[in-house]
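A.B. asks: Here are the chains, one letter per residue:
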Amino acid sequence: MTRSGTTTALAVLALLAAGCASEPVYLKTGNPSGPPPWRAVLLPVIPASPAEGEEVPDFSYDLLEEVRGCLAMKIPQDAYQLISLPRVDRAIPLSEGPVEGEAEMARAGQALAADLVIQPELFARDRSYYLIQSVARVGMRVKIYDGRTGKLLVESSHEQVRNQGLQKIPVWTGGLVYGPIRGLLHGQMLAICDSVATRIGEDLAKFSDSGLTEAGTAQAEPATN
Amino acid sequence: MPSPHATPDSDRAAIAPRPALVISILILLFALPGCSWEWAHRIYPLPFYESSVTVGGAQDRMQTSQGRIAVLPFVAEQGTNAEREEAIDTLRASFDLALSRLRSYGVVPLADVDGRLAEAGITPDKIPGMNPDTLGRITGAEVLLYCDVKRTRNMTLYVYSHTVYEGTFRLVEASTGDVLWSGRLWEGARGGMFINLFVADIWMEEPKNKDLPAAYRRTADVAVRKLLETIPEPLDETGGSLEKAAEVEGDGGALASGAGGVR
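Residue numbers (our numbering), protein chains in the order written: chain X, 1 to 225; chain E, 226 to 488.
Check the hints yourself; a few may be wrong.
Derived lysine-lysine pairs resembling DSSO-like cross-links, with alpha carbons at most 27 Å apart [as the list claims (entries may be wrong)]:
| id | chain 1 | residue 1 | chain 2 | residue 2 |
| --- | --- | --- | --- | --- |
| 1 | E | Lys351 | E | Lys375 |
| 2 | E | Lys433 | E | Lys375 |
| 3 | E | Lys433 | X | Lys206 |
| 4 | E | Lys435 | E | Lys375 |
| 5 | X | Lys206 | E | Lys435 |
| 6 | E | Lys375 | E | Lys451 |
No lab work stands behind these hints, which were simulated from the structure alone.
Construct the entire structure; sequences and hints are all you get.
C.D. replies: Structural data, given as structure tokens:
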């Protein structure tokens, strides 16, 4: 094969291996029972329910806690008075399993006298290596429930994919070998996680802004226990 | 007839100095700055290496400390300008946020700390020379967080760029002046043509490094999370960790309580 033929073949392979992120989602379905600032509980991150026929992703506890810490730092400070994570873990022990359903969300909110219960789900966190291309992916969904009624108020979902390979035009030839490996290092994954958490934080800021403008409406509809 | 694979003399002369140059660079990187991987990492980000916190202090006493923490204004060793002040404020806000969200110590809100210090006529430059007991009484805290910021820097040249923090953090018991925890950290995000291996990344990432204070915030958050990992969770009254106590008690209601003005 000629040199240009090899390059074309590598470029095609790189494009085939490249990954795309899913569309972001911001869906508001209700208003909280009062205006911000809200006392909020950030529950432990759980693996998202897989699509039919797919396996539940096997994320380690440390990884999920790292993602949770990342998210905790990006939730807007003015509108969300986040209860410290160890206190949440003490009140809602992990050993009791994940909090699910309206009733359990309301119970979690009431246990910590919280206005909101934030449930993060990790639906993607993987790394793929194809020799001349690597794909690192982090996808997170956050659902916010009313702390009194347990009703879903808003959902935000973001995914970021970072491709490292030929189609990004290497600065030097060696970069094509080291670049894909570098793209899979823990620091890079953390940077993607940080970026996804920042976008979710922006959605939460949008939600709190709407909470401010609709405070009258929200207060006019008292929550039912 | 010479072999077609033989290297001409002129080429040999050009190649010959390269090993010597490589060895010299390696010596400069590793031997001169005290054989430290961290120093080498500061010059060029080493693969599979992450900067870490150098920890000190009496951590067992930190765990049993039930007092509130006041995050005092950080002191810049380099002198100040508008950008550096913004960078230091970002780091301080990030530390305060992490301390109140990732650990369960009570933290006096930053606005209260600043307000009380201002009322007492204490400017940030006076803090290092003051008695911790006096500062504790003024801020209403039992533990004080001091930070000497040795370096903050943001530079975007497209060939090389970085956003860097370096500092020493200390948690000091106000009543005795004892250091309960200390952490020293250098943390930097690097980019540009010498670091990023792809043209597209350089094109996309460099403008982000110029975007202040967001670039400082990203680096500060990474630094602070590393520091927080070395600060132990407080023990409860019985000497057990909060997580252990939770498994035994299943208690939650008491957690909702909190002293006024303290998160």
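A.B. asks: Please go over all the hints and tell whether each is borne out by the structure.
C.D. replies: To see whether the hints hold, each was checked on the structure:
no.: 1; hint: E:Lys351 <-> E:Lys375; result: 17 Å, holds
no.: 2; hint: E:Lys433 <-> E:Lys375; result: 24 Å, holds
no.: 3; hint: E:Lys433 <-> X:Lys206; result: 22 Å, holds
no.: 4; hint: E:Lys435 <-> E:Lys375; result: 21 Å, holds
no.: 5; hint: X:Lys206 <-> E:Lys435; result: 25 Å, holds
no.: 6; hint: E:Lys375 <-> E:Lys451; result: 17 Å, holds
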